[in-house]
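**Student:** Next come the chains, spelled out residue by residue.
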Amino acid sequence: MAGAEFETPELSEHIEVPELVEGTMEHITCFVAKPNHQEDLGFPGEKVENWKEVAIDKMGDLLSRYRSFQVFMDACVKCGSCTDKCHYFLGTQDPKNMPVGRQDLLRKVYRRYFTFAGKYFPKLVGAVDLSEEIIDDWYSYFHQCSQCRRCSVFCPYGIDTAEISMAAREILDSIGVGQKYCNEIIGKVHKIGNNLGLPGPAIADTLEGLEEDVWDEDEVAVKYPLDVKGADILLVTPSADFFAEPHVDGLIGYGKVFHEAGVSWTLSTTASEAGNFGMFIGSYENMRRVSLRIRQAALELGVKRIVFGECGHAWRIAYSFLNTLAGPFDFLDPDYPVPQHICEFTLNEIEKGTLEFDKSENDDMSITFHDSCNVARASRMGDTPGGQFEIPRKVIKAVVNNYHDMEWDTIHERTFCCGGGGGLLTDDLMEVRVKGAKPRMSAFKNVMEEKGVTHLAAICAICKSQFTKVLPYYGMDMFQIVSVHQLVSNAIVLNRKTPPEEAPDYGDDD
Amino acid sequence: MSSVYALLFIVATIVLVIGLARKIVQYAKTPAPLKIPTTPAPVTQTGVVFRLFREVVLFESLFKSTKWTWIFSWLFHMGLFLVLLRHVRYFIDPVWLPIQLIQPFGKYAAFAMVAGLAGLLVRRIFVDRVRYISAPSDYLWLLILLMIGMSGAMMTFVIHTDVVAVKQFFTGFWTLSGGELPMDPILLIHLTLVAVLMILLPFSKLLHIPGVFFSPTRNQVDNPRERRHLVDWARKFEES
Chain V
1 MAGAEFETPE LSEHIEVPEL VEGTMEHITC FVAKPNHQED LGFPGEKVEN
51 WKEVAIDKMG DLLSRYRSFQ VFMDACVKCG SCTDKCHYFL GTQDPKNMPV
101 GRQDLLRKVY RRYFTFAGKY FPKLVGAVDL SEEIIDDWYS YFHQCSQCRR
151 CSVFCPYGID TAEISMAARE ILDSIGVGQK YCNEIIGKVH KIGNNLGLPG
201 PAIADTLEGL EEDVWDEDEV AVKYPLDVKG ADILLVTPSA DFFAEPHVDG
251 LIGYGKVFHE AGVSWTLSTT ASEAGNFGMF IGSYENMRRV SLRIRQAALE
301 LGVKRIVFGE CGHAWRIAYS FLNTLAGPFD FLDPDYPVPQ HICEFTLNEI
351 EKGTLEFDKS ENDDMSITFH DSCNVARASR MGDTPGGQFE IPRKVIKAVV
401 NNYHDMEWDT IHERTFCCGG GGGLLTDDLM EVRVKGAKPR MSAFKNVMEE
451 KGVTHLAAIC AICKSQFTKV LPYYGMDMFQ IVSVHQLVSN AIVLNRKTPP
501 EEAPDYGDDD
Chain S
1 MSSVYALLFI VATIVLVIGL ARKIVQYAKT PAPLKIPTTP APVTQTGVVF
51 RLFREVVLFE SLFKSTKWTW IFSWLFHMGL FLVLLRHVRY FIDPVWLPIQ
101 LIQPFGKYAA FAMVAGLAGL LVRRIFVDRV RYISAPSDYL WLLILLMIGM
151 SGAMMTFVIH TDVVAVKQFF TGFWTLSGGE LPMDPILLIH LTLVAVLMIL
201 LPFSKLLHIP GVFFSPTRNQ VDNPRERRHL VDWARKFEES
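Chains V and S supply the protein sequences, listed in that same order. All residue numbers for the first sequence refer to the numbering used here, where the first residue is 1 and numbers rise by one. All residue numbers for the second sequence refer to the numbering used here, where the first residue is 1 and numbers rise by one.
Among these hints, one or two may not hold up.
Pairs of lysine-lysine residues, derived as BS3-like cross-links and limited to a Cα-Cα distance of at most 30 Å, are as follows [unchecked claim]:
| # | chain 1 | residue 1 | chain 2 | residue 2 |
| --- | --- | --- | --- | --- |
| 1 | V | Lys397 | V | Lys352 |
| 2 | S | Lys236 | V | Lys188 |
| 3 | V | Lys58 | S | Lys236 |
| 4 | V | Lys445 | S | Lys67 |
To be clear, the hints were calculated from the coordinates, so they are not data collected in a lab.
Model the full structure from these sequences, guided by the hints.
**Tutor:** Right under this line is the structure:
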């Protein structure tokens, strides 16, 4: 639990594949959801009595509804291609953290109950009966997967452990053994509208504070509007952007870009969260419910476009699933993609020439970019494959003078997860998070030493929070993680001045 | 004895065809409710065909991953493919020209196949990560395939069998005219193991053969913003 003793791994020059040590992470258990967290989401409050039967039935149900799950259970040939690709394995040496090791926790039960070979020759194919111990293993190890999809890049059949983790978590939820962190948060979104449970007035207050800050600094009245009907753009952003560092500096940046672009925009109280933890628990129903808030807000506010702020898994759901879950979006302006990423928006304005930058404002930093897994391997930006790598880099290079990439095999589709994605960003999983960050921290440290890089820029709220926490474990500074739009915010020249008669009056409080 | 083998191959063929067809129907019928291609992914259907082609013929993802596994498995699969093509001549008469032309390649491909399999077996035994994930069946498959390959190569290069009689036996299948199988032990081992493989294939990890074509992370077009993707069970939520 929080504060438990563990050793931070040593960083090495190259990312080395360690030897196996069985059971190093067996002791990991995150807090179990309380009955009310479970019931809010439509799951049993406590572990059901006939859990074995329910779990197998649920597995059968998922096999019949998800082709990915069915094919992935069958197709693995145990070639070992994925075994050295997971950051949690590389950081912990636990073989059950190898993608195939993790999958097999579920596959051996699948084989036992759903295949001829497993029913009649279980020993031959490594099939086993479902037991308490296996449920414990599922609970432990399927909450040590950040669903980052790095394994799926290297699998000759495209087997994606994320899909299998999602299925496992859904089975666990169905027997009443859910994870507190995810399920409590999803409940908050259903009830209040965002992961952090921030009520409307608190958001309004924060946004007013941001307006004041920008005014104090630049004497320009940049607006951060909330619930403005008839605005052109609805901005949906992770709720961490409202108060966490460095997230909020990114939000300030979005506002400045919109201001300079001269577009009308708004945030929404009811859709004050881009994140959607429904994906982490594999629940289509919950993911859909969370997504529908965005559709609802867009309709109520009468906007023409939807733009998403910096958030990795949110962008996966926005880009890949939103049209499915909450579409069709035929009521929006067909000239723009639905939804758009803030980086797509900003780059578009840069290319149109509407934005002016003073890059020297960022000269105290030398930047590298962390490709967030859900953006890199589960979505796209722009019109061409790989736009998700190029567009954020183009934005960064437009606003900074010093930029260097990390090693080629740790970026783009090969990027390493921050270690905190997929519903693991909770203090009770700190050991997993720190150890899982090892490969990314190694690559970052190397580019610091070789190229003099000082800061890591990211476009994901979870990555930002995670790095803030784990950088100090590796002897670095928590402020070395920055938002991409924070860099934009630093460099942007605000040319749309505020006429004196429209100057806001924040009073003289000193 | 020949009729026992005739029966064995009839059963093996039926099990293989029906077993595989059932799995293919299952994969095809199971919906894929969400767009989950591993990106960067092709944005057109043609692009997906190319992606699958590279995956199936060149083992692109495996190549990105570990070169040793890639070399061994590619040698094995391409060797097997040529060997299988060469075997077509035992089932048709007259033999098509392309099959005649690949005969010399198919002959030596047996070495590639066996070498690849041996490499994979060594890797499975000596790399601790791969050893950890291996069940007895994983070793058995390699051994069965190795023995099929080696017994076949033996008959090609060392102790020849009466291939004319073998051909008569198998072409007799289609015409129901029968034919006597030579009672060579190596041939009988070879054929028995092939029949075992055919029977077990639909119940084993060899389902990666149809599986790769149905893998949503590889066969989906990356166009979710442009086209709404909705399956039937998900549509039901919208109606309620």
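**Student:** Hint by hint, say whether it matches the structure.
**Tutor:** These are the hints, each one checked on the structure:
1. V:Lys397 to V:Lys352: Holds - the C-alpha atoms of lysine 352 of chain V and lysine 397 of chain V are around 16 Å apart, at most 30 Å.
2. S:Lys236 to V:Lys188: holds, 26 Å
3. V:Lys58 to S:Lys236: holds, 19 Å
4. V:Lys445 to S:Lys67: holds, 27 Å
In terms of the numbered hints stated before, the structure departs from none.
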